[in-house]
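Spelled out from the first residue to the last, the chains are:
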Amino acid sequence: MSECFTVTVEESGAQFSCLDGERVLIAMEHQGLKHIPIGCRGGGCGTCRVRVTGGRYRTRKMSRAQVSEIDEQTGYALACRLIPESDLTLRLAGDGPGV
Amino acid sequence: MALTGVLRAGFVQFRVLEMDEAINHYVDHIGLDLVEKADDGRVYLSGYDEFDRHSIVLREADAPGVDFMAFKVAGDADLDAFEKRITDFGLEVDQVAADEQPGVGRRIGFVLPSGHRIELYAEMARSDNGPITENPDVWRDDPRGMRALGFDHCLFYGPNVAEVCRFFTEALDFSLTEMVETPDGPIAVWLTSSTKTHEVAFVDHPDPGKFHHVSFVLESWNDVGHAADIVSRYDISRDVGPTRHGITRGQTIYFFDPSGNRNEVFCGGYTYFPDHPTRVWTPDQLGKGIFYYEKELNDRFLGVVT
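Protein chains in written order, with this note's numbering: chain A, 153 to 251; chain B, 404 to 709.
Don't read these hints as lab results, they were simulated from the structure.
Do not take every clue at face value.
Derived EDC-like pairs: lysine to aspartate or glutamate, alpha-carbon spacing no greater than 20 Å straight-line [said to hold, decoys possible]: (1) A:K213 / A:E224; (2) A:K213 / B:D638; (3) A:K213 / B:E424; (4) B:K691 / B:D607; (5) B:K440 / B:D502; (6) A:K186 / B:D638.
Predicted, not measured: the structure shown is a model, and the values here were computed from it.
All chains, please: the whole structure from these sequences, using the hints.
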């Protein structure tokens, strides 16, 4: 059986589970939850932009127009391309790239 | 020839994050044919019912979105005539040499007040796999996936929609088939050079150069249902539909490619002739205009772009 991690959204305190290898946004949506806004689900539009505040993770390729290199180094990610490797805590950061 | 000047939406070049995923999506699921993987990395695709060599150009990049859209004009002399009219309108025109894309003749390009690059061209090589012309069967090979006939139109988001509309109608002789009009002017316009409901459309948006969707035409409402089955079967990211637009009356489903660019496959819509009046929607009826059955606006459809 694959490992299961807990994702916590800081603003609401909401928690949901995410299987090993599963993308955070897709796991959330499959559980009928809407804590993170859902956009293209393909790393392009930036609607589900978050900042990871705790835990280990990897990401698939994300639009540089939404997550700059500095953003990426400081924990910003698109939840649709974010794959946990431990329990994660995150904050919504859908205000576009910058930093 | 009764149809002169700009003939139609010819091709669009847009960016994808991962090319192999994009090819799987556009070839296996939407049903386009792979024409060429060029040495510079660009991938050329065509629909099985298109006579010209390609209509979709994919370019791998670090951010999705549109590079440019190109319209085919009737002849080479039209490029010179339009260059003068576009320059007179006040836009700067540049030249793209023949064969910058394989099989495509010289192009002229310019940037709209909405921030989108548009090009015009007159010549493109014929498809090796296009429709049969002698005793024509309906297709050469069984259509794949969603069975898209070909590229149909794009919808772009950006500022200065009224000025863009004036440009297309005054400099390129397009007709305004349909619009959403507020007391301050149009906020969305559907423009055609042909008898289709639109070859291109623009919606007002603060950020310039945004890509709302690329659209592929299907034969029937049954095919829209079949496309929806493919969206579910292969976990394609669905946006809206199957449903129908009040605007253009097209029957439609929207979804996203693996890089987040929005796609539409659709059928139907009325036939337009240049003597027809513009259909006008008021903002209070916009829900019905966009989604005729749901009659309500959808934040994701309105706000999510690449």
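**Request:** For the pair supplied as a hint, K213 (chain A) and D638 (chain B), confirm whether the alpha-carbon distance does not exceed 20 Å.
**Result:** holds, 19 Å
**Asked** Given the hinted pair K213 (chain A) and E224 (chain A), is their alpha-carbon gap at most 20 Å?
**Response** holds, 11 Å
**Message:** Checking one constraint from the list: CA of K691 (chain B) to CA of D607 (chain B), max 20 Å. Satisfied?
**Reply:** holds, 18 Å
**Asked** Is the straight-line distance between the alpha-carbon of K440 (chain B) and that of D502 (chain B) 20 Å or less?
**Response** Measuring from Cα to Cα gives roughly 15 Å; hence the hint holds.
**Item:** Given pair status - D638 (chain B), K186 (chain A), alpha carbons within 20 Å
**Value:** holds, 19 Å
**Prompt:** Has the given pair, K213 (chain A) with E424 (chain B), been kept, meaning a C-alpha gap of at most 20 Å?
**Reply:** holds, 12 Å
This entry satisfies every hint, going by the numbered hints stated previously.
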